[in-house]
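Chemist: Line by line, the protein sequences give chains A and B.
So the first sequence is numbered by this note's numbering: it starts at 1 and just counts up by one.
So the second sequence is numbered by this note's numbering: it starts at 270 and just counts up by one.
The hints are simulated quantities; they were obtained by calculation from the structure and are not laboratory data.
Every residue, glycine too, gets a C-beta built ideally from N, C-alpha and C.
Wrong hints could be hidden among the right ones.
Below 25 Å or equal to it, Euclidean Cα-Cα: the simulated SDA-like pairs (lysine to any residue) are [to be verified]:
id: 1; chain 1: A; residue 1: LYS2; chain 2: B; residue 2: LYS372
id: 2; chain 1: A; residue 1: LYS16; chain 2: B; residue 2: ASP431
id: 3; chain 1: A; residue 1: LYS265; chain 2: B; residue 2: ASP379
id: 4; chain 1: B; residue 1: LYS372; chain 2: A; residue 2: THR230
id: 5; chain 1: B; residue 1: LYS372; chain 2: B; residue 2: VAL361
id: 6; chain 1: A; residue 1: LYS2; chain 2: B; residue 2: ARG505
id: 7; chain 1: A; residue 1: LYS16; chain 2: B; residue 2: GLY398
Away from chain B, derived, C-beta distances all over 12 Å, residues of chain A [claimed, not checked]:
id: 8; residue: VAL12
id: 9; residue: LEU152
id: 10; residue: ARG241
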Amino acid sequence: MKTLAIGWDRTVLELKMYFREKEAVFFSFAFPIIMLAMFAMIFSDSFGQGDAADAGVNAARFFLPGMVAAGVMLTSFQSMALSVAVERDDGTLKRLRATPMPPVSYFLGKVGLVAITSLAQFLLLIAVARFAFGVQLPSDAGRWVSFVWVFLLGVASGTVLGIAYSSLATSSRSVGAIVIAPALILQFISGVYFAFTDLPDWLKQVASLFPLKWIAQGMRSVFFPDSWQTQEMAGTWEHGRTALVIAAWAVAGLLICARTFRWTKRGTT
Amino acid sequence: METPIHVSGLRKAYRTRAAVDGIDLDIHSGEVFALLGPNGAGKTTTVEILEGFRERDAGEVSVLGEDPRTAGLRWRDRLGIVLQSSTGLDIVTPREALATTAKVYSRARDVDEVIAAVGLSDKADDRIGKLSGGQRRRVDVALGIVGSPELLFLDEPTTGFDPQARRDFWELIQSLAGSGTTILLTTHYLDEAEHLADRVGVIAAGRMLALDTPANLGGRASSRATVTWEDEAGTRHTERTSTPTQLVAQLAARHGGEVPKLTVTRPSLEDTYLSLIAPHLDTPTEDLKLEEVTA
Numbered sequence: 001m002k003t004l005a006i007g008w009d010r011t012v013l014e015l016k017m018y019f020r021e022k023e024a025v026f027f028s029f030a031f032p033i034i035m036l037a038m039f040a041m042i043f044s045d046s047f048g049q050g051d052a053a054d055a056g057v058n059a060a061r062f063f064l065p066g067m068v069a070a071g072v073m074l075t076s077f078q079s080m081a082l083s084v085a086v087e088r089d090d091g092t093l094k095r096l097r098a099t100p101m102p103p104v105s106y107f108l109g110k111v112g113l114v115a116i117t118s119l120a121q122f123l124l125l126i127a128v129a130r131f132a133f134g135v136q137l138p139s140d141a142g143r144w145v146s147f148v149w150v151f152l153l154g155v156a157s158g159t160v161l162g163i164a165y166s167s168l169a170t171s172s173r174s175v176g177a178i179v180i181a182p183a184l185i186l187q188f189i190s191g192v193y194f195a196f197t198d199l200p201d202w203l204k205q206v207a208s209l210f211p212l213k214w215i216a217q218g219m220r221s222v223f224f225p226d227s228w229q230t231q232e233m234a235g236t237w238e239h240g241r242t243a244l245v246i247a248a249w250a251v252a253g254l255l256i257c258a259r260t261f262r263w264t265k266r267g268t269t
Numbered sequence: 270m271e272t273p274i275h276v277s278g279l280r281k282a283y284r285t286r287a288a289v290d291g292i293d294l295d296i297h298s299g300e301v302f303a304l305l306g307p308n309g310a311g312k313t314t315t316v317e318i319l320e321g322f323r324e325r326d327a328g329e330v331s332v333l334g335e336d337p338r339t340a341g342l343r344w345r346d347r348l349g350i351v352l353q354s355s356t357g358l359d360i361v362t363p364r365e366a367l368a369t370t371a372k373v374y375s376r377a378r379d380v381d382e383v384i385a386a387v388g389l390s391d392k393a394d395d396r397i398g399k400l401s402g403g404q405r406r407r408v409d410v411a412l413g414i415v416g417s418p419e420l421l422f423l424d425e426p427t428t429g430f431d432p433q434a435r436r437d438f439w440e441l442i443q444s445l446a447g448s449g450t451t452i453l454l455t456t457h458y459l460d461e462a463e464h465l466a467d468r469v470g471v472i473a474a475g476r477m478l479a480l481d482t483p484a485n486l487g488g489r490a491s492s493r494a495t496v497t498w499e500d501e502a503g504t505r506h507t508e509r510t511s512t513p514t515q516l517v518a519q520l521a522a523r524h525g526g527e528v529p530k531l532t533v534t535r536p537s538l539e540d541t542y543l544s545l546i547a548p549h550l551d552t553p554t555e556d557l558k559l560e561e562v563t564a
C-alpha cells in the first residue's frame with residue numbers, strides 16, 4: 001500500500017518536473033503534434049484527389065498513425081532513456097537509493113508519468129486531427145480495441161526498453177547522441193514520416209526487427225481504411241504477429257532492466 | 270548504549286591499489302566525528318561502504334547494528350545521507366523536494382519546521398536551480414534530516430562556501446548534534462573539523478594515521494612549544510621547549526619586564542595534520558615545488 005502511495009506521489013513529482021523541462025515538452029510531447037500539423041498542411045494538395053481522396057484519407061489522416069506511433073516511442077522510450085540516464089549521472093538515483101523509498105515506487109512513478117503523458121499526447125493528436133483537419137476517426141469498437149492493446153503494449157515496451165537503454169549512456173553529455181540518433185533513424189525506417197511502402201525491402205526487414213514498425217502498423221490498422229491492408233508487407237494487418245513482437249520486446253526489456261539496472265554510475269562500486 | 274558505527278579491519282582494493290587498507294573505527298552515540306584526509310586517501314570509499322553504496326573486500330562493519338551490505342529499507346529509515354554533490358533537483362522547489370522525501374520516512378519531521386531549521390523559509394517556494402551554492406547545500410542537509418535520522422553522514426558539506434555561509438552552516442550542524450544525532454562528517458577544512466568535531470580521524474593511503482580529539486591530535490597538546498623573541502641588538506631568537514612558561518619567566522627576568530616581540534606557539538591542527546600526511550603524499554607539496562624551482 002505504502003509502495004503504491006509513494007509511487008503515486010512520485011508520479012505527481014515526475015509530471016511537475018516533466019512539464020517544467022521545456023526541451024522535454026517540446027521534443028517528446030509536442031513534437032508529433034507539430035509534425036502532424038505541418039505534414040497535414042504541406043501535403044494537403046497531394047491528397048486532394050485519387051485513391052486516397054476516394055477512401056476518405058486526407059493528409060492528416062495519412063500521417064496520423066505514424067505520429068501516434070512516434071508519440072508512443074518519444075514519450076515512453078526516448079523520455080525514459082534520457083531521464084533515467086541523466087538521473088543516474090547527476091546522482092538523483094543515488095540520492096533516492098539513500099532513502100527508504102521502495103525501489104518499485106520509483107518505477108511506478110516513471111510508469112505513471114509515461115502513462116499520463118502518452119495518453120494526453122494521444123488525445124491532443126486526435127483532437128488536432130479531428131478538429132483542425134477534419135479527419136474521420138474510427139467509429140467501430142473493434143478498432144478501438146486494437147488501438148488499446150497496441151497502445152498499451154507499445155507504451156509498456158517503450159518504457160522498459162528506455163530504462164534498459166539508459167545504461168548505455170555513460171554520462172549525461174553523451175546521452176543525447178546515444179538516445180536521440182537511433183530513435184530518429186528508427187522513426188524514419190519504421191514508416192513514421194514516410195509511407196512504409198516507399199522503403200527498399202531490406203530496410204523494411206531491418207525495421208521489422210524493432211517494435212516501432214509494429215506499433216506504426218498497428219496504428220495504421222486502427223486509422224486506415226481496411227482495404228489498405230493489402231499495402232502492408234504481408235498484405236494484412238498481422239495483428240497476431242504485431243502483438244507477439246511488441247510483447248517479446250517488452251519481456252526482453254524487463255529482463256534486461258532487472259539484470260542491468262544500476263542506482264549509481266558505472267565504475268563507482 | 271549501542272555503538273552507531275563499528276568498523277574493524279576494513280579493506281577495499283580497486284584492481285591492485287588498496288583504497289582502504291585496514292581501518293578500525295568506533296563512533297559513539299551522539300558524537301560528531303570528522304574524517305580528514307587528502308584526496309584519494311580513502312575517505313569517500315570508507316564512507317560509501319558504511320552507507321551501503323560500495324562492497325568491501327574484508328573487515329567487519331556494523332552501522333546502527335546492521336551490516337550495510339545486507340541492510341534493507343528499515344535500516345535506511347534510520348539514516349540520513351548527504352552526498353558530496355547532489356543535483357537533479359533544479360526544477361523543483363525545496364518544499365516539493367522535502368515533501369516527497371518526507372513521505373518515504375516513517376518518522377518524518379514537519380516539512381516547514383525543517384525548512385525553518387536550515388534557514389530556507391524565504392526560499393521554500395523558489396526553484397532549487399535558482400538558489401546559491403550554500404542554499405542548495407542547505408537543501409541537501411534538509412533532505413538528509415527530514416527523516417529524523419539517528420545517524421547522519423555529511424560528505425564535504427561546505428566545499429565552495431563563502432566564510433559567512435560556512436559559519437551559518439556550522440551552527441546548523443551544531444544544533445543537530447545538540448539534539449543527539451550522531452554525525453560522521455568528511456571534510457578538507459581543518460578549521461571545520463576543529464570547530465565541529467568531538468573526535469577527528471586522519472586517513473591517508475587507506476590507513477587511519479591518527480584518531481583523537483582535535484586538541485590532542487597527533488600529540489598536539491603535549492608537543493613542544495616554539496618561543497621566539499628579539500634581543501637588544503634586534504636579533505631574532507627561536508627556541509623549542511617543553512617548558513615554555515619557565516623559559517618565558519627566565520626571559521622576563523633577563524629583560525627586566527617586557528620581552529621584545531615575544532611569541533609562544535604550539536602546532537596548529539593544520540601543522541599537525543600536514544606533518545601526519547606528508548609521508549603519504551605521492552606528489553610534493555606546493556612549498557617543496559617552489560624550493561626546487563628556486564634552488
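Chemist: Are the hints correct? Go through all of them and say.
Modeler: Each hint tested on the structure:
no.	hint	in the structure
1	A/LYS2 to B/LYS372	holds, 9 Å
2	A/LYS16 to B/ASP431	violated, 33 Å
3	A/LYS265 to B/ASP379	violated, 32 Å
4	B/LYS372 to A/THR230	violated, 55 Å
5	B/LYS372 to B/VAL361	holds, 16 Å
6	A/LYS2 to B/ARG505	violated, 73 Å
7	A/LYS16 to B/GLY398	holds, 15 Å
8	VAL12	violated, 8 Å
9	LEU152	holds, 27 Å
10	ARG241	holds, 41 Å
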